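**Student:** Based on the provided sequences and hints, a complete structural model is requested.
All residue numbers for the sequence shown refer to the UniProt record's numbering, where the first residue is 1 and numbers rise by one.
It is possible that part of the hints are untrue.
Stated by the list, open to error - The list that follows gives simulated cross-link-like pairs (lysine-lysine, DSS-like), each with its CA atoms no further than 27 Å apart:
| # | residue 1 | residue 2 |
| --- | --- | --- |
| 1 | Lys166 | Lys54 |
| 2 | Lys166 | Lys123 |
| 3 | Lys75 | Lys107 |
| 4 | Lys54 | Lys210 |
| 5 | Lys157 | Lys210 |
| 6 | Lys96 | Lys197 |
| 7 | Lys107 | Lys157 |
| 8 | Lys197 | Lys159 |
| 9 | Lys96 | Lys45 |
| 10 | Lys54 | Lys159 |
| 11 | Lys54 | Lys28 |
| 12 | Lys107 | Lys210 |
| 13 | Lys102 | Lys218 |
| 14 | Lys43 | Lys98 |
| 15 | Lys173 | Lys98 |
| 16 | Lys34 | Lys194 |
| 17 | Lys50 | Lys166 |
| 18 | Lys80 | Lys28 |
| 19 | Lys265 | Lys251 |
| 20 | Lys37 | Lys200 |
| 21 | Lys75 | Lys265 |
| 22 | Lys50 | Lys75 |
| 23 | Lys161 | Lys197 |
| 24 | Lys159 | Lys98 |
| 25 | Lys159 | Lys102 |
| 26 | Lys98 | Lys157 |
| 27 | Lys102 | Lys200 |
| 28 | Lys197 | Lys37 |
| 29 | Lys166 | Lys197 |
| 30 | Lys123 | Lys37 |
| 31 | Lys197 | Lys210 |
| 32 | Lys98 | Lys194 |
| 33 | Lys265 | Lys245 |
| 34 | Lys98 | Lys45 |
| 35 | Lys50 | Lys123 |
| 36 | Lys194 | Lys80 |
| 37 | Lys80 | Lys123 |
| 38 | Lys245 | Lys218 |
| 39 | Lys54 | Lys107 |
| 40 | Lys197 | Lys43 |
If you are wondering where the hints come from, they were derived from the structure by calculation, not from laboratory data. The model shown is predicted, which means the values in this text are computed figures rather than measured ones.
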Amino acid sequence: MLIIIGIILMGCIYWVFFSKSAKNIVDKELARQKEVKKRHNEKLKGIFDKENLKITQQYTVPNYSIIAVDENSQKVCFLKSNSKINNDKHLLEIEKVKYDVKVFRYKDVLESEVIIDGETVTKTSRTSQVGGAILGGILAGGVGAVIGGLSGKTSSKEKVKSIQLKVIVNDTKNPLQIINFLNEPTSIDRSNEKFTKANKEIMHWHSLFKVIIDMVDKEDKNKKVIQDNNTEYNTSNNISDEIRKLHDLFKEGIITQEEFESQKKKIIS
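**Tutor:** Okay, here's the thing in structure tokens:
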């Protein structure tokens, strides 16, 4: 009996010791992860400060690439990560990440497209005369072939490997910005939490770009209306001035009534 009690006591001591030890290990790991994230956030803040950005929305995809907007200065920022890791739990990798930073004004965003496994789900583009002309020039420059290879019919697959947001910007050197919201080695079900999260986030960002594109298009169209009105006003004033000058010449007897009427018709037409 004493032996049994001794074994039980030893077991309890063993359990208490190792459970406490395991808790200490977990606590240290959580503290380490917290410190790594803190340093990474400080690095991001340094990048944004250098670009004079006050980020109001941002999202980090699994390989640590980041898409962000500054709604006050109306700018979009793409931070392309050099990381090959496709898992946001690899915190050791986060400290090695280096970023290629690209910042664009709202008016430089020309098109946004959601692509699932190479097939287009939804797309929105600049439609104003100015935006359409810029987009046409970018596509004519060779990007169209790349885009054509990515586009297709609306996706209806039950399993998915990749979800991409493709944004065309007004940059002749790097007009195509692609953000991988999901990039799995093998297909996963649409009911999978990874797909659900990625799909929700990409639709949010695509909708945000649609708002940006529509807003800039509206500004372009308003500017064109004002420009057309000014042109029409100036043209009307010029015609009135020319007719007035002709009338003065007629009153002074320099030109005849017939010459006056003939020249007036030419100016009006």
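**Student:** Name the hints, by number, that the structure is in violation of.
**Tutor:** 7, 10, 11, 18, 21, 24, 25, 26, 30, 35 and 38
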